[in-house]
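Engineer: Sequence:
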Amino acid sequence: MDMQQWPAGFSFALRQRPEAMRQFRALSAAQQAEVLRRAQAVSSRREMQSLVGALQNPDSLGIR
Numbered sequence: 037m038d039m040q041q042w043p044a045g046f047s048f049a050l051r052q053r054p055e056a057m058r059q060f061r062a063l064s065a066a067q068q069a070e071v072l073r074r075a076q077a078v079s080s081r082r083e084m085q086s087l088v089g090a091l092q093n094p095d096s097l098g099i100r
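To convert, take the position in the sequence shown, counting from 1, and add 36; that gives my numbering.
Heads up, a few of these hints could be off.
What the hints assert, rightly or not - Cβ pair distances, simulated, as ranges: (1) S96 with Q40: 17 to 23 angstroms; (2) A65 with D95: 15 to 21 angstroms; (3) Q40 with D95: 26 to 32 angstroms; (4) G89 with M39: 15 to 21 angstroms; (5) D95 with L72: 16 to 22 angstroms; (6) R53 with Q76: 15 to 21 angstroms; (7) Q52 with L97: 14 to 20 angstroms; (8) P54 with L97: 26 to 32 angstroms; (9) F48 with L97: 17 to 23 angstroms.
Derived from the structure by calculation, the hints contain no laboratory data. Keep in mind that this is a model prediction, so the values were computed, not measured. Note that beta-carbon positions come from the ideal geometry of N, C-alpha and C, so glycine has one too.
Construct all of the structure, not just a fragment, from the sequences and the given hints.
Structural biologist: Set out below in structure tokens:
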């Protein structure tokens, strides 16, 4: 999925956390798709920040 198609809150939150962006880009395409699916289901800023924060430790997401 092109970055322009990402949920706005997700791309904004990633820009605020360069390490999370690096970790996201290191994921496989399938893993990225799963994270984006989760990002689309987020209903609050706090949830989005939590999801993006978890990217700094991808094992905590249970997708590796």
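Engineer: With reference to the structure, classify each hint as holding or not holding.
Structural biologist: Cross-check of the supplied hints:
1. S96 with Q40: 17 to 23 angstroms: 27 angstroms, violated
2. A65 with D95: 15 to 21 angstroms: Holds: the Cβ-Cβ distance is about 19 angstroms, inside 15 to 21 angstroms.
3. Q40 with D95: 26 to 32 angstroms: 29 angstroms, holds
4. G89 with M39: 15 to 21 angstroms: 19 angstroms, holds
5. D95 with L72: 16 to 22 angstroms: 18 angstroms, holds
6. R53 with Q76: 15 to 21 angstroms: Holds, at about 19 angstroms.
7. Q52 with L97: 14 to 20 angstroms: Roughly 18 angstroms apart at Cβ, these two residues keep to the hinted range, so it holds.
8. P54 with L97: 26 to 32 angstroms: 18 angstroms, violated
9. F48 with L97: 17 to 23 angstroms: 19 angstroms, holds
Of the numbered hints listed earlier, those contradicted by the structure are 1, 8.
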